[in-house]
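J.: Using the sequences provided together with the hints, build the complete structure.
Chain residues, written in single-letter form:
Number of protein chains: 2
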Amino acid sequence: MPEANPYIKQYLMAAGPTPIPPKVSQIQAEPILYHRAPAFVAIYARVLDRLKTVFQTQNEVLTFSASGSGGMESAVANLVKPGTKVLVASCGKFGERWAELAEAYGADLVHWDAGWGNRVEPSELEQKLSENPGIEVVYTTLSETSTGVVNDVQALTEVVHNAGALIAVDAVSGLGAVPLRQDDWGVDVVAAGSQKALMCPPGLGFASPNQAALDRAAETAGQGRYYFDWQKTLKGQKKDPPDSPFTPAVPIFMALDVALGMIEDEGLENVFERHRLLGRATRAAVKALDLEIFGPEDENSNVVTAVKLPESIDGAKVPKIMRDTYGITIAGGQNQLKGKIARIAHTGYFGAFDILTTVAGFEMALRELGHDVELGSGVGAAQAVFLEAGVPAGAPA
Amino acid sequence: MPEANPYIKQYLMAAGPTPIPPKVSQIQAEPILYHRAPAFVAIYARVLDRLKTVFQTQNEVLTFSASGSGGMESAVANLVKPGTKVLVASCGKFGERWAELAEAYGADLVHWDAGWGNRVEPSELEQKLSENPGIEVVYTTLSETSTGVVNDVQALTEVVHNAGALIAVDAVSGLGAVPLRQDDWGVDVVAAGSQKALMCPPGLGFASPNQAALDRAAETAGQGRYYFDWQKTLKGQKKDPPDSPFTPAVPIFMALDVALGMIEDEGLENVFERHRLLGRATRAAVKALDLEIFGPEDENSNVVTAVKLPESIDGAKVPKIMRDTYGITIAGGQNQLKGKIARIAHTGYFGAFDILTTVAGFEMALRELGHDVELGSGVGAAQAVFLEAGVPAGAPA
Chain A
4 MPEANPYIKQ YLMAAGPTPI PPKVSQIQAE PILYHRAPAF VAIYARVLDR
54 LKTVFQTQNE VLTFSASGSG GMESAVANLV KPGTKVLVAS CGKFGERWAE
104 LAEAYGADLV HWDAGWGNRV EPSELEQKLS ENPGIEVVYT TLSETSTGVV
154 NDVQALTEVV HNAGALIAVD AVSGLGAVPL RQDDWGVDVV AAGSQKALMC
204 PPGLGFASPN QAALDRAAET AGQGRYYFDW QKTLKGQKKD PPDSPFTPAV
254 PIFMALDVAL GMIEDEGLEN VFERHRLLGR ATRAAVKALD LEIFGPEDEN
304 SNVVTAVKLP ESIDGAKVPK IMRDTYGITI AGGQNQLKGK IARIAHTGYF
354 GAFDILTTVA GFEMALRELG HDVELGSGVG AAQAVFLEAG VPAGAPA
Chain B
4 MPEANPYIKQ YLMAAGPTPI PPKVSQIQAE PILYHRAPAF VAIYARVLDR
54 LKTVFQTQNE VLTFSASGSG GMESAVANLV KPGTKVLVAS CGKFGERWAE
104 LAEAYGADLV HWDAGWGNRV EPSELEQKLS ENPGIEVVYT TLSETSTGVV
154 NDVQALTEVV HNAGALIAVD AVSGLGAVPL RQDDWGVDVV AAGSQKALMC
204 PPGLGFASPN QAALDRAAET AGQGRYYFDW QKTLKGQKKD PPDSPFTPAV
254 PIFMALDVAL GMIEDEGLEN VFERHRLLGR ATRAAVKALD LEIFGPEDEN
304 SNVVTAVKLP ESIDGAKVPK IMRDTYGITI AGGQNQLKGK IARIAHTGYF
354 GAFDILTTVA GFEMALRELG HDVELGSGVG AAQAVFLEAG VPAGAPA
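If you read the protein sequences in the order shown, they are chains A and B. If you're matching positions, the first sequence starts at 4 in the working numbering and goes up one per residue. If you're matching positions, the second sequence starts at 4 in the working numbering and goes up one per residue.
To be clear, the hints were calculated from the coordinates, so they are not data collected in a lab. Quick caveat, the model's predicted, so the values are computed rather than measured.
Below are the SDA-like pairs computed for lysine to any residue, each with C-alpha atoms no more than 25 angstroms apart in a straight line: (1) A:12 to B:49; (2) A:235 to B:103; (3) A:84 to B:225; (4) A:341 to B:244; (5) A:12 to B:43.
Partial list, derived from the structure: chain A residues whose beta carbon lies under 8 angstroms from chain B: (6) 15; (7) 19; (8) 34; (9) 35; (10) 38; (11) 68; (12) 72; (13) 103; (14) 109; (15) 198; (16) 226; (17) 326.
Note that beta-carbon positions come from the ideal geometry of N, C-alpha and C, so glycine has one too.
T.: Below is the structure:
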């Protein structure tokens, strides 16, 4: 096996932080702006407006200088008081974060783990809710980054509302990659972050409560929240001109403004279509390599593709070889999936040739680890998908 | 009065966000790093190490992707449970934030407001503590940005410890500008942020609990905290290699690494000396203009100088004219001080000629508003201080 090479060209192909378009990175090098100066206020107001487009909502999208987990925490801190009956429907590592958060805030928690690699099935959720009457809030996940599974949030929302509860969805890794039509579907809260399909650095978390969620938050006021208090940020954002209650992470807002402009230019539906194509090509490559997709093989799982690694090899070495000797950063499995899967990302600033690069490196790593693989076969299958679609699935310049 | 000119060269002279050295800004334009890749982990580890130098502590400095207020919130969320007897000793807007936080977390709060523009006097704090037995935690402020006052944290710590309580200090605007020798003085928690004297963009908050504070936090576990939980972050930072429990704001860590390297190169004591000189020159300029310093005229108030504006003019127009027509951003007064003071910052990446620029623009704005001022007199007085000191008080390149 070759030595690690510190001089090798780097290709970031991870599911978060994801690659960032140069013009998004570069705006951060501009001289910093005072957060109450008109030049920044204009950016801030435009970002708040553009976020609504991506969230597909008329709700105010509340922004927090924090990781995506900060946006998630706000959805617990504002809806849960000690003893609130909460159901967390998880199917992987990030779903489990909801359970940890709910416990931290003293919820009376029912944690239903649908299993890593499974979907949260609406019919099963319906049953869980009927078995556990009085649930007030359900927390679940749009795209479970740890497994590649994408849940049917529209159907889950209907089930939750039929049971008289609110639903809060972690869309950190899915927002802007796969459809989540908050207002059309009636989702009560969507939590997200800046560092996935929004093509920005980590550092901003979001939550977009609807009126029902805000009303509930009013009932739980004074429960030990300040920085993540929805009313505090809402009040600031609704001022004219809008004003963040805490000094905002100025360069990341500047970056987000550029990135959201790129999404606007490409068109949100085209962005979704690009992710569909990237996901399809990746799955075709995996099949051509005679490997299995981890989890349900799903036309909607277009954020990250998890691949079951051959049991004959030391799977933990796949991302290590790719990173150390080819300069390609992908993620392996987390927790109980460590060494068992590799995760090929296609979230945000990804085009066709990023997938081909990743697949090519993946093939080479498998070969180095002694797995019998026909070099170029996965790449070829993905190429065929791209050619057939008639577009090179390029992310915008 | 001239019209606002959108094409004018900009000079950011505010107390936060403060100006950022170009090489600190520019590192953010580098391609983003995966937060668990060796290249980032090396930066993260170095930042954690360098922060200890600036905090003058052997404690682990816990880092949160958040505003400085997030660091402050952590010092309340981890030390206060409902009913905890807390005393907040405030002397301005940011001290009042401690009181809001303590209330949000259900503290049994004694809020002693020493008055905007006053110091928190150790002898008075001693009296307050004797009048209110059983106080468990005292919250106060190193540098009150809203008024320019710098408190004697060493003496306050002694008073608090004699009363058997812990002390947590908001050093958001003072850390790295004026001495705060956490370990020598025995301060239990110092909270800070990236966007003031640390010469970085906003987006990182810090807290450096000592063992006594960590022990107390263990007793308040499960009180509704997750993102700001000290143990969670401590556990991650103590891993080998260190690992943030939440995706960190990668570019701001990269920026902080560069900025802390600059502070290291200049030497922390030299940095303090530079701020002393900048503060002295600013006060000399104010006096030469026949204006008064707001608050005690203090050899230690070297973060921001608040100037009482002549009552004959519309004071709110001073920062407005300076920004709109000269491109110089300074801050006016907040809340009850709106229109009554102007705040001249010297926090972080400031050199002699930044003070001269600010004073020159300030003189011109006063003249435009009809106040009788001898142009150049404030500038001249500051120049004399710089020449006498024999150094141009330049910030490092």
